[in-house]
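Using the sequences plus the hints, can you model the full thing?
Here the protein sequences come in this chain order: A and B.
In this text, residue positions in the first sequence follow numbering that gives the first Met the number 0: the first is 0, and each later residue adds one.
In this text, residue positions in the second sequence follow numbering that gives the first Met the number 0: the first is 0, and each later residue adds one.
Read the hints as simulated data drawn from the structure, not as lab findings.
In this text, a Cβ means the ideal position worked out from N, Cα and C, and glycines have one as well.
Some chain A residues judged to face chain B by a derived CB distance under 7 angstroms, without partners named:
(1) T129
(2) E130
(3) D133
(4) A134
(5) M138
(6) A139
(7) L140
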Amino acid sequence: MVELTVRIGRATLGGLAYLGGLAQLGTRAAYFTFVAPFRGRALRLERAVHQAMAVGVEALPILSLISFFIGLILALQGAYELRKFGAMHYVTSAVAVSMTRELGPLMTAIVVIGRSGSAFAAEIGTMKVTEEIDALETMALNPVQFLVTPKFLAMLTMLPCLTTWADLMGILGGSVFGVANAGFSFGGYIRSTLDALYLRDIYTGLIKSVMFGATITAVGCHEGFSTGAGAEEVGRSTTSAVVKSIFLVIAVDLVFTAIFYFLAPE
Amino acid sequence: MNTSAGDSKTDDNVISVRKLRVKYGDREVLHGISFDVHRSETLVILGGSGSGKSTLLRTMVGLERPSGGEIWLQGKDLCRISEAERDEIRRKIGMSFQGGALFGSMSVGENVALPLREHTELEESTIEIILRMKLEQVGLAGFENYMPSELSGGMKKRAAVARALAMDPEILFFDEPSAGLDPIIAAGIDNLILKLKKAFRMTIVVVTHELASAFLIADRMVLIDKGSIVAIGTGKELQASTHPRVRQFLDRVPEPEVSEELDYLQMLTEEYRQRDH
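Printed below as a string of C-alpha cells:
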C-alpha cells in the first residue's frame, strides 16, 4: 500500500517536472521570439521561413487529403443519424461546426506531430548525440535561441494557416456527399455552410491550433534536448515526442474546449 | 616534477584549475584536480578511457557543471559567473570536438563563418576573406561549398579546427584530435596543431590517449588516472618518472588479469558493496 502511494507520488512528481521542463523551454523560446528582438538580438527570420516551408507548405498535400476524407466521413456519419429525423439538410452544419471547432485543428495537429514534431526531436536529438549542441554552446550560441526559436515561430504561424486550409478541405469533402446524396447544389451547400457557421466557431479552432503549435514544438524540442548518448536514443526520443505530443495536444484540446464552452454566450 | 597541486597562480597562467570536482549523479569522476595552463604553451591531458580526461575538458569550457572547485579563465571563475559573462569568455576560446561536430545542415563554409556571422558585424565580403584564410590554414582551401557528409573523417576534423579558429581565439581546445583516424591523417592533424602553435603562439589544450602524438605536440603533460592527477611535467620529466601508474601508461602495460576466483567475485560485487556503505 505504501509502495503504491510512493509510486503514484513519484509518477505525479515526474509528470509535473516534465510539464515544468516544457513550460521552461516554451517560455525561453517565447522570450527569444517576442522579447529578445527588441533588445537587439536578431530574430532568425530566414531560418523561420525555411522551417515554415517544411512545417506548413510541405504538409499541404497530405493534410488536404486527410481533412477532405474527414469531412466526407463526418457527412456520412452525420447523415446516418440525421436521416432518421428527415433532417438531412443539417449535414452542412454538422460538418462545418465539427470541422472548424474540433477536427480541423486536431487533425492538423496530428499531421504536424507526425511530420514535424518527430522531425524536431530527431534533428535536435542527433545534434545532441554528435555534440553539435555542445559546439553551439562553446561558440556562445544559445541552442534554444538558435534551434527552437525559428521552429516556434514557424509553428505558431503555420498551424492556424494549415487549420484554416483543413477546415476548407473538410467542408469540401462534406459537400461531395451533400451534392451526391443529400440533394444540395454545390452553391447551395456552401451557402448553407456559411449560414451555419459563426465566426466564433472558426476563431476558437484557430486559438486551439496556436496552442497545439506551441505544445508540439515544446515537446518535440524538449525530447530532442533530453536525448541520451547513442543513435538508438534518437529513435527513442522521436517516438516519445510523438506519443507525448498526441497526448498533450488532446489534453490541451480538452482544456480549451471546456473554457470555450463555459465562456460562450448562450 | 610536480605531482601534487599546480604551480602558484601568476599572470602567465591562462587557465587555473583548482580542486576541481565533477559528479555524474552520485558518481564522482574528478576528485579535486588542480593545475595551470601557461600562456602560449601546448598542454596535453593524457589518460586512459574512463579516466575523466574528456570530462575535465568539457568542464573547462563550461559544458559540465563542477560540484566543487574553481576554474579561472581570463581572470574569472567559470563556475561563478553569469551566462552573459560566460558567453563573453566563450567568444575567445575555440573548441574542436572529437567527431568534428559540424552542423550537418550547413556547408563547410557556413559552418566556419557561423560564429563570425553571429557575433560580429563584419561585412559579408570580409567574412568571405576570413573564411578562405581559415580554410587555407587547415589545408581545406576550396572546400567551402562541400557538405560535412561529403568529407572524410580527417577533413571533418580540419574543418572543425577552422571553425574553432574563426574568431581568432586566445585558447584552443582539442578533444581527441586523432581518435578514429589512420596514422597518416592523425600525423597531419598533429602537424596542424604544431603549425598553429608556431604561427600564432596560441595556448592549446589537447585531450588525448595517443602517446606518440602527445609527446610530439606537448610542452607539458598532465596524466590523469581514475579522476586524479598522477603526474604533471614535460615529456622528458614524464619519461623519467618512476611512478608505477605513469610507467604502466607510458610503457603500455596492460592491467593485470584477474586470475583468482575470489578477486574476480570481489571485482564484480565492488559496486554493490560500495553502495551499501
